[in-house]
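Chemist: Here is what each chain is made of, one letter per residue.
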Amino acid sequence: MDILLIVVNVVVFLGLAPLFEGIIRKLYAKVQSRKGPPIVQPYYDLIKLLGKERLTPGNVAFKLAPMMAFASIVTVIMLVPLGFKVNILTQYADIITVIYVLTLGGVSVLLGALSSRNTYAMVGASREMITMIMVEPVLAMTLIMGALKAKGLAVSTSFFSVGDTGYGWGVALMLVVFLMALQAFVGRQPFDISEAEIEIIEGPFIEYSGPYLALFKYFMMIKQMFYAFLFVTVFMPFLQTGYYLANIGTQLGGILAVVVLISLVGSTNPRLRIEQAVRYYAVLILLSLTAVGLTVYGI
Amino acid sequence: MWLTSKIKQVLLVIKPGTVTLPYPFEPHPVPEGYRGQPSWDHHKCIGCGGCAAHCPARTIFIRDLCQDLRVMVYDGGRCTYCGRCADVCPEKAITMTKNYELATGSKKDLCTTMELFMATCNRCGRCYEMETKNAIDRMNLKGYRYDNLEMRAVLPVCTEQFDTGMLAKSDRFKRPERIGE
Amino acid sequence: MATIQALTDQLKKKFGNAVTGVENPSATQLFIDFKKEKVREICNEVLAQGGRYLVSVGTDNLAKDGTLGLIHTFAFDKEHYFLSLRTATKESEPIESITPDIPNAGWSEREYMDLLGMKFTNHPKPKKLVTADDWPSDIYPLRKEVPFNIKPLAAENVAYQLDECPEGCSIVPFGPYHPTQHEPAHFALFVDGETIKGSDYRGFMIHRGVEKLAQTQISYNEIPFLAERICGICGSVHAASYSQAVEIAVGHKISRRAEYIRTIMLEIERVHSHLLWLGVAGHLIGFDTVFMQAWRVREPIMWLGERLTGNRKTYGMIVIGGVRRDITPELKQDILNVIGTIEKEMITIKNAIIGDTAIHRRTKDVGYVSTEDTIKWSLVGPVARARNVDIDVRRDMPYAAYDEMKFSVPVVDCNDVWGTVLVRVLETFEAISIIRQALDKMPNDGPILTPFEDAVPAGMHGITAVEAPRGEVTHYVITGEENRPERWRVRAPTYPNLQGVPMMLLNNQLADVPIIIGSIDPCFSCTERMEVVDLRNGGMKVMSQSELEALSRNKR
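Residue numbers (our numbering), protein chains in the order written: chain A, 1 to 299; chain B, 1001 to 1181; chain C, 2001 to 2556.
One thing to keep in mind: the hints can contain errors.
Claimed, not checked - Every beta carbon over 12 Å from chain C, so not counted as near; a handful from chain A, in silico:
1. Tyr43
2. Leu50
3. Thr75
4. Tyr92
5. Thr103
6. Ile200
7. Pro237
8. Ala282
9. Gly298
Said to hold, decoys possible - Negatives, chain C to chain B, calculated, CB over 12 Å:
10. His2080
11. Val2319
12. Pro2443
Claimed, not checked - Straight line, CA to CA, 27 Å or less: simulated DSSO-like cross-link-like pairs of lysine-lysine:
13. A:Lys30 x B:Lys1015
14. C:Lys2344 x A:Lys30
15. C:Lys2441 x C:Lys2344
16. B:Lys1098 x C:Lys2441
17. C:Lys2350 x A:Lys35
Derived by calculation from the structure, the hints in this document are not laboratory data. Using N, Cα and C, we set each Cβ at its ideal position, and we do this for glycine too.
Chain A extracted, bound-state conformation:
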């Protein structure tokens, strides 16, 4: 039974992440008056990429990086409380672990970029690094706020803190900050700076192709779904129904709403320059610190 919950986690995330990606693409197309690709197109993309030849212009780190990224995100999704229900793995990790393992994914992207030794990949890597340094604090603050509210570092404590102890001004502020940082978390316009197809040609991923690229793409899709999931779980505890399967359903509904928001914001904004984005991130960090401060005083 314990194993079953983990399997459900993995199946739901791995199975549905490309679908949400497909929904985003479809919504982008609708905003752009296009018909757009079929919603299941990302699955086709992944299958096709996985079937292609492996080209490795870099050293062994080049091969290792996508696997590391994929492994790290799979580790995270295995222990998150899908359906508002903790599984056997959840107790072994605390929020620090979650943040570490999530960061490891970003570090793998850097590793792959640096080992490919391409000029554009270098530029992309430096941008990715800046983004990581500036945006990860918002994630950390969100989880720390939960931990402070519910007095415990455990994943379940932090994730369910809002549901357990109720909303407050701190939570409201954090909710807004999280929404503002969402585009940066998932690497969509206006913060797709590190990939920036038209400037640096997908930046860190420029030398990747075939199965390795598929792993990175899959990693990005799952990451996107994870951040939407995190928002829904932490800030929308009212979606709990009391039944496990119904909980999964409501959570997925919440994720869908977040995904719609992501695509609407993404399709109506141009990309920012890195130094403009940094100023924006700095404001976010300040706001999230404020939110944590408010929470400490119980506001």
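Position chains B and C against the provided structure of chain A, taking the given hints into account.
Modeler: Positioned in the frame of chain A, the structure of chains B and C alone reads:
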């Protein structure tokens, strides 16, 4: 400022809906006067060579096999579809069809070869139209050089893309013995 | 006011017998012959009198009198005429470069070093420009004795030497193939962190030998179709410009109705080109919705072109002597309907983007060039008008039916990329108004095509400019024997504007490179229309897939 712009953008986007055409699944009609693949009507052609003389891309080539037989070769692989040949044709034997789906695995599918029997003037040895009005005189076009032998010699040089096999074939051209061969 | 008379007098007075001849065949054309020793002084004097440098034309007269000709052309916008300064030099004797004073002449002169073997003294950057890296240094392809299809052997291990990279900077290659550029061109950016400290350009990778071809292979009436294919976006402009140049050189008059139809076609092209650019600009700053929506609005005008001319882009409409197809009353109504819709949609687009601070953040203060520098570098078109330089040949040197059109020339003083966005959006409305006026005033009768009655006489010079969507196109024609021009020089608007790009890039962010290069609406094919086929691997070695892979994997 920012928000009003975003709202206007969303309004701009909502009105037209989806405009993508279902093209490969449904044919896309083209208007009258469209300049698609040219087609030759051998009933009307008098073999004057005006099209060959005026083709900017030099895709039309005319060669006399003997006193009575003139062969026209059109190499569609390099055609720019300007429609100049149809403009200058004195007999309107060339029409620009509406056919634009020309992708093919073999360049030969785009080429047209036409053989024409010419009546020859007994006095000067040139070909002419056999009716009362002389179309060659009526053409009155500048740069008309259907009998410019030097240019003909240059043609295969200036068009490396020109199918040499086809040229060779037109050199050795033999009438098919049966129709359809 | 340097009128034709005043300028001639001034030059004669100042340079005495260095000026050897003056020709003034029509009110818009002035040709002055002079001795080559005074080239720099005379050009400086012309600049001082208010001339705006256009382009230089090199000619090969070796067979005739053993000289290489050089023609510097200038426009006097306020006085409405073109000035062509003609000089000649012996093959072995160098001529003084005017580039130190007129930076925009740099490319023209480098071109003739490569193509005609001219020698220039004091040129600040006498590097190879046009010919391939491995092109033999003793073959000058534009000379008459060189056949148009010459194919010298390819050489290995020859590469263009980039300019010195400034201290502490690293080189980021931009191109030859890059998603920003729709055509190959290589920008080497010298980057400090993300800030650009300098750049070098190596382009001209797609010469198609258009001018050589026209001078050796095809005839007057066929060149408009070749000219139209110089550019995929502003084809009619080149066809119109070439036809006008020949008509001006010979003094041929076409019917008024044909001139009106030309005007309408040119303006239809402007509407479609500006919408295209707006979309591309959106794409370059990562705003794909603007891209898709602008192109959606543009699509009806492409279909309109199809109905008017038989093709959606390469109209093939304008030929020497007039136009090929008439505008019937039904088509007239059709045009009015289409431009009405487009005007409505354009207003919506304008309102949606004009106040969008997100777009402002990416375009304002990006690609700054001061008004003085713009004039000094002779930038043209929307790039110049966005930098407070009020030039537009439609108004200054009226051609076709523009003399009867009422329109304003939008000029803004933003001096940045945002200014070019504004200028282009406003110009679209002006273009729509011009189409309406032209349809309204067009005479109902008159032939649409007035062909030449006699053969074109040789040795006549003609210069004309047409305002393309990107800026002005200048064509210089010298008529020749054998029913084809002896020299046909095309200067596309990207030619001067691209030379100003390094100046625009300086001290900007790497992320802004696409939009800065995009803001001049670059058309590399237009710029590189010149000369013989440039095949790097003339030998055509076919590589197998594994060989290619091995090559690409072992690149480091």
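Chemist: Decide, hint by hint, whether the structure agrees.
Modeler: Checked hints:
1. With a least CB separation of 23 Å from chain C, tyrosine 43 of chain A remains clear of the 12 Å interface cut-off, as annotated.
2. The Cβ of leucine 50 of chain A sits about 20 Å from the closest Cβ of chain C, beyond the 12 Å cut-off, so the non-interface label holds.
3. For threonine 75 of chain A, the condition that its CB be more than 12 Å from all CB atoms of chain C holds, with the nearest at approximately 32 Å.
4. The non-interface label for tyrosine 92 of chain A is consistent with chain C: the shortest C-beta to C-beta separation is roughly 41 Å, beyond 12 Å.
5. With a minimum CB-CB distance of about 24 Å to chain C, threonine 103 of chain A clears the 12 Å threshold, and the non-interface call stands.
6. The claim that isoleucine 200 of chain A is not at the interface with chain C is violated, since a C-beta of that chain comes within 12 Å of its own (minimum 8 Å).
7. For proline 237 of chain A, the shortest C-beta to C-beta distance to chain C comes to about 33 Å, beyond the 12 Å cut-off, and the non-interface label holds.
8. The Cβ of alanine 282 of chain A lies farther than 12 Å from every Cβ of chain C, with a closest approach of about 16 Å, so its non-interface assignment holds.
9. Every Cβ of chain C is farther than 12 Å from the Cβ of glycine 298 of chain A; the closest lies at roughly 37 Å, confirming the non-interface assignment.
10. No beta-carbon of chain B comes within 12 Å of the beta-carbon of histidine 2080 of chain C; the shortest separation is about 32 Å.
11. A cut-off of 12 Å between C-beta atoms contradicts the statement that valine 2319 of chain C is not in contact with chain B; the least separation is 9 Å.
12. Every beta carbon of chain B lies more than 12 Å from that of proline 2443 of chain C, the smallest distance being close to 23 Å; the non-interface claim holds.
13. As the CA atoms of lysine 30 of chain A and lysine 1015 of chain B are separated by approximately 11 Å, the hinted pair is consistent with the 27 Å bound.
14. Of the pairs offered as hints, the one joining lysine 2344 of chain C and lysine 30 of chain A holds, with about 21 Å between alpha carbons and a cut-off of 27 Å not exceeded.
15. Pair hint lysine 2441 of chain C plus lysine 2344 of chain C holds up; C-alpha atoms about 23 Å apart against a cutoff of 27 Å.
16. At roughly 33 Å between alpha-carbon atoms, lysine 1098 of chain B and lysine 2441 of chain C are farther apart than 27 Å, so this suggested pair is violated.
17. Taken as a hint, the lysine 2350 of chain C and lysine 35 of chain A pair is honoured in the structure, with Cα atoms around 25 Å apart against an allowance of 27 Å.
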